[in-house]
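J.: Listed below are the residues making up each chain.
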Amino acid sequence: MFKASSRKFALSIFAMLACGFFSLSAQAKLSEFTLQNGLKIVVKEDHRAPVVVHQVWYRVGSNYEPNGITGISHMLEHMMFKGTAKLKPGEFSKLVARMGGEENAFTTNDYTVYYQVVGKQHLEDVMRLEADRMRNLQLDAKEFATERQVVTEEWRWRVQDRPESKLYQAFKAMAFVNSPEHHPVIGWKSDIDSWSLDDLKSWYQRWYAPNNATLVVVGDVDTDHVLNLAKRYYGPAKAESIEELKPQVEQAQLGERRLKMKGATQLPNLLIGVHVPTLKSAENAQQRQEVYALSLLNDLIDGDDSSILTKELVRKQKSVVSASSYYDPTEKLSSLFTFEATPSSGFSSEEVEKRFWEMIKQLQDKPVSEAALQRVMAQTEANYVYRQDSMRGQAMLLGSLVSVGLPLDTIDHWLLNLRKVTPQQIQAVAKKYFDPEKATVAILLPNGEKPTSAQQMSLQTKGVH
Amino acid sequence: MMQRVQLQLTLLFLGCLLSFQSLAAVKIQSWQTSQGAKVMFVAAPELPMMDMRVAFDAGSARDGEKWGLASMTAALIGSATATRNENQISDGFNRLGSEFSQQAGRDSADFSLRCLSREDIRKQALAQFSEVLGKARFDDKILQRERSRWLAMLKQKNSQPQVLASDLLWKTLYGDHPYAHSSDGTMQTVETIKQADLQAFYQRYYTASNAVISLVGDLDRKQAERIAEQLAQALPQGTKPKALPPVEEMKNPQTLMREFPSTQTYILNAQKGIKRGDPDYVALFVANEAFGGGGFGSYLMDEVREKRGLAYSVYSYFAPMKLAGPFTIGLSTKNASAKQAQEVVDHSLHTFVATLNEERLQEIKDNLIGGFPLRMDSNAKLVAYISMIGFYGLPLDYLQWFPQQVEKLSLQQVIDAWKKHIGKSPMLRVMVGEPK
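Protein chains in written order, with numbering that gives the first Met the number 0: chain H, 0 to 464; chain L, 0 to 435.
Okay, chain L solo, but in the shape it has when bound (with noise of 0.2 Å):
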């Protein structure tokens, strides 16, 4: 499909941002099983499906030296249990129309189920979800095959060089701290990750007091409470695991080229960014709709796009987590462009508070507010969000406070909040490709 801008990485981030709802319909329900886990919960009534989420603090800022350990136990969770191998648990979840998927990222592993709400295809897919989470089984036959796997996609990572800037950035910006590598880990330490590594990630992260457990559906409170009990029944209690290392900024500003057979140069700027529960989130949030996060009217793709045609898509986005996640510019440009193209970016952080008025933050405004209906408009978007805010233990009224907030910013504090963490921090500019 052609179109007139890849959005898919902004969308992807924005859905992970964007956190707000302005129907109040939209009731988040939440309790604890008495295992400890943490329930978030919307009714949806209109479509008899559920979506279930499974959030456990078990992404790779766990990893330890094993880096790639939290991936591959999320990847082999769903081949293997004390009862079923790999083929039944497949053939389990297919043959009853259900959908089974797992990912880790930095923060969390999360999985996911979807299926049927009739109760019939609803308890067997639950039962098989939670025996694949309580009961997993690492096959050492299993590792080995996916071990082969991982490490090819990590062999052609070295062929694409989007992915090679941002893993340069994420190590560069975050040096010795867990947030620093990959998720997927590199080819050495994946080569270490034994089975009973494996075993022992799962033991300790893998239990009811680490997870938290979302559902959104045709089920009604006391039928969440049922399925969610039987979920976290299936997991140890365990305790929750210590917080991490605190995020310490990069000394001094970097500019880091890697040279790289391509006719574009891929370029990210990068500096320390802010964690979820930030007071200056929603300020900044909308700031960076007006700088690079808006798409189409956002002043980095007028200055980049529209006026001197330099680039297809280019973006900024905060990444908050559970500490400070980077802001990040991104672009790709010709080789001949390169330096040039960085100069604009530069030069937009530079004037950018100059650019802002009232005018500007109305349109901003009108839009996240106007929008708010769109970022909920499925059940689909529905489970990310209340895994998000329940997982980053966000107040449950969130989807209704954020709206009210950004309503309320005046363009001083938008500045100010700006201000306060763009060009604070050291800034990092990575450059992949053969800049001219």
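Excised from the complex, chain H in its bound form (with noise of 0.2 Å):
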């Protein structure tokens, strides 16, 4: 998730699926089951505050869009506030304000979910409602043509006007050039410009039914009850023939690719990317045991101030500024392995990228050892605990695995399954996953423009009216 803005912002779902393991496996109560009309359903119990996360997910994301019209997954997120025959735009949220709840929505490149978080007392309320914009969405061209003066303002505030989203763009363009993978969630500029009205009515009939959707609710509920109430709202919601989204899976890379671009910025910025199997890509039980060697290497690299890039590159070499690893073992197509880095004063991006393929060179040499595994198991183990925090973030974890295609059981074996991984395991998928000539390569640097003074003019003083 997270892909269309800064993977700075980026929040592994291996950090959360890291996290989810104790509490469901042990200590809560965690159940699933289906609907006559194919929705899914997943109810956790968490009585430790009288409130419940109530959450539907929709398997659509930037993944199912065709060119032409990239993000329109995105704007039918934004119009699901925008009315059905029952209910005027803006009333939904104004209603679950009322409730004193939280509401929101937000798309990814395998998913758009819709959640609430309100007291426990008005799960009812908000199922009545979600249920009834799941099929009777008012699709109107007056709000639709504002809404889109919205996400086009949306996009100049996330990726116009940051230069290191759009190198981000750029960079996740190159390395994928035939998986959806390719363009980002928020869409390309021209697509935006040229939804129609009847682009989103299609994709709102296409998607949006219970068989391609996910319930989810967490929190201080009855298991019984929860499923008793989703009968009755979202039982009746008809189901569609959904078509399975084609595999699209990404060409094998056949050289280096690079690119090096210019912006208003004042440091230099970096990428690097090699392409790796996740859990739902992967084509045997031997590739899945490298996912979980692949998380682990991950976590070494840069899961803690302990890791290799805050002790070797940050403290030791002094070469960066910042910099950061990133791998979701969860992606529905495919992934990528992702270095970024800012370089200090008196260290290029070359020589940054020279120091990241030396740190590989050492893990690909020499097995890491005991010790560095079991400060990152210790971690992994600890955050079980920290993650029941927080419902919001365990009904986040549920929705991602099911939206994906995962098991649920995936998080009780996740645990298990890194333990079983070796030094000698993680050694190999540097080798095999890591080669410089296999890589993707960005670079920004500042355009030289100098920043602009700090004097401002006055333009005019006048009272408040």
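Please keep in mind that the hints were generated in silico from the structure rather than gathered at the bench.
From a predicted model like this one, the values you see are computed outputs, not experimental measurements.
Just so it is clear, CB atoms sit at the ideal spot from N, CA and C, and this is done for glycine as well.
Honestly, I wouldn't trust all of these hints.
Stated by the list, open to error - Pairs of lysine-lysine, BS3-like flavour, derived with a Cα cap of 25 Å: (1) 407(L) with 364(L); (2) 230(H) with 28(H); (3) 419(H) with 279(H); (4) 261(H) with 154(L); (5) 306(L) with 87(H); (6) 317(H) with 140(L); (7) 274(L) with 241(L); (8) 317(H) with 156(L); (9) 364(L) with 119(H).
Said to hold, decoys possible - Covered stretches of chain H, as calculated for chain L (at least 3 residues, CB under 8 Å): (10) 158 to 165; (11) 387 to 395.
Claimed, not checked - Which chain H residues face chain L? A few, computed with CB under 8 Å, are given here: (12) 48; (13) 92; (14) 93; (15) 96; (16) 101; (17) 152; (18) 264; (19) 304; (20) 344; (21) 381.
Quick one: dock chain against chain with the hints and give me the complex.
T.: Here is the structure:
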């Protein structure tokens, strides 16, 4: 998730996975159902506060979009607040506000999610509202025109005025040629300008149906009661015939890909990505085991301030102002292991790139220490407990797994699978997947414009009226 | 993540502002350690973990001439002690699965520890936390390294129009006051910070009598007492620092424009707001929920975004601090709409009171009172609230008191409070971009 915005906001699903285990396996009641119309339901009881998290996850996002209408899943998400046969535009939010609820929605490459957090007495109310807009959305031309402006402002704010976001979009587009990971969640600007109301209507018709959705409820609830409510409110929704997303397997990368761009930044920025498998894309048990090794490798490189990036690049070499790595082992289609850095003054991006490959070489040449592995495992285990402090986080983890088509017991097996990983296996994945000749590299350089002077001109002086 | 609206900023502020709780079950206990540190404690036995936060009156308002000193001191605490070096400290926390972090704002410097409450883990984590806070050492080599990273960050600020707008706002609104400069300092002032400055700042402000220790977790009162005592014992007793100078109002309304090569203009409007504990706070908070604090459904959101499509995010908030923090309105819009958006904001300020009525007030009350449990549904949120209550000296029943006050407010009281504060102080308008 968080794909379209800067990766700096990236919250790895791995972290969520890691954190969910304890709560889900041992301590709390977790149940799974499917209604006759195909709606999947996941309920987790958590009785610490009289609060409930209610989420509906649709299996649609930018990975489902063909060229020409990229970003339409996100646009539809905005329009879901614009009224149904029963509700006026904006009324949904006002009703939830009146309950004292929090509500919002978000779109990623793999799914679109609507959520409310309310006092437990309001679960039925939000269910009634959410079920209503699953099939009865009214899409109005005037609201559509205004909201396109809002989304365009969002695009300016998120992408156009942030050189690092533009770099990341270009990087992704270069790393993925035939996979829909190529295009950004917010869509290409030309597509944002060109969606029609009919595009939106057919997108809604095609994907917003109970058999393409998962209901997640976490909180101070009784599971049977939730199931009864769900049957009452979501049960009548009619199923659609939903096409499976085509595999669109990213073709093998034939050689290095490289981009250098200039932008309105003061500091350079470097991105390096290599293609790696995920739990979904893994072809067999052996490759799934590699996914666990890659997860641990990511943690060893950048899991904490004892990691290699902090100790070596930041503290010892002083070659970077900041650096991070990112890997999401639960992507639906494909994944990149991504390294990001801001070089220190006196270090070129190319020099930092070299340091990155030197670090990788060491991981390829020598197994990591048992102590480092134990440290990472201690954190993973502690995180299982910490994760239970947030009901929202628990709901996010459950919904994301179901939405990419991974079983819920992925969480139960996660820690066990990590524990099986040996230093030699980590060394092996470092050798197998990290090849500079199969890497995608993107570099942002300052365009040389001097920052404007700190002086301001005073345009006018007048009182508030 | 593409979200319907970016709420990070507003939620962050709400997190600091909203301070209530409907559950009578949340009982805050408070006492002083023998060294004079104030302790705030809530027992939360449900999960086998604990959160601890130590807040010092050592924010950037205490920087003096060396802007950035408070932040740099906080950042370097945890980088060396009398007996451990940087990597040993990191490894020490990380191998326990514990999390250590620090942050300095204008009022306070805050240090957090999260760990499992199991005794062997807790004792080791706490021993190291106490050592890091009580026996900090400022290594000159680390200072040099962190300074150059800091300077790079300050340089990068020049390519972030939102940050430029915010810095300009504080600088103009607060003039010569210690709140005026950013906690980050400037490139010039950060250059002047020396090892001895850090040492002196640390000795002056990192003391027991200047600390508020907050604890939430699977602990009983006795354990909490021992933990707080151990931490306070690691600190010198010290004395409380002097009060900050009073905030003076800006003399005249101003509109400042800073050219920046962006496609949007970043607009902030601000005026002097209120301090923590202000008797009008609850009424203003309620009024602002209706104006621009309440997200979708608020007046600003309707006028700027929903009706006109001018912005993705638009918000307003009060930021009560030790002294009067600002009341701020913010949005960003394409350059060609900047003037129109500012006019809509002006018009909204002008017409807002007339939109308030009994029904709207009841909606806000329902939202705030009904939403109380959500604000307090995790240990992480709870520790932030009790730390805030302790640091600002708010009453221990604040979490019960606040919703009761909301409930009692009449429409007239809300309107009177708004009129008393908003529009009375000169308003500052800041625009960064290429407004047309």
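J.: Okay, which hints does this one fail, numbers in order?
T.: none
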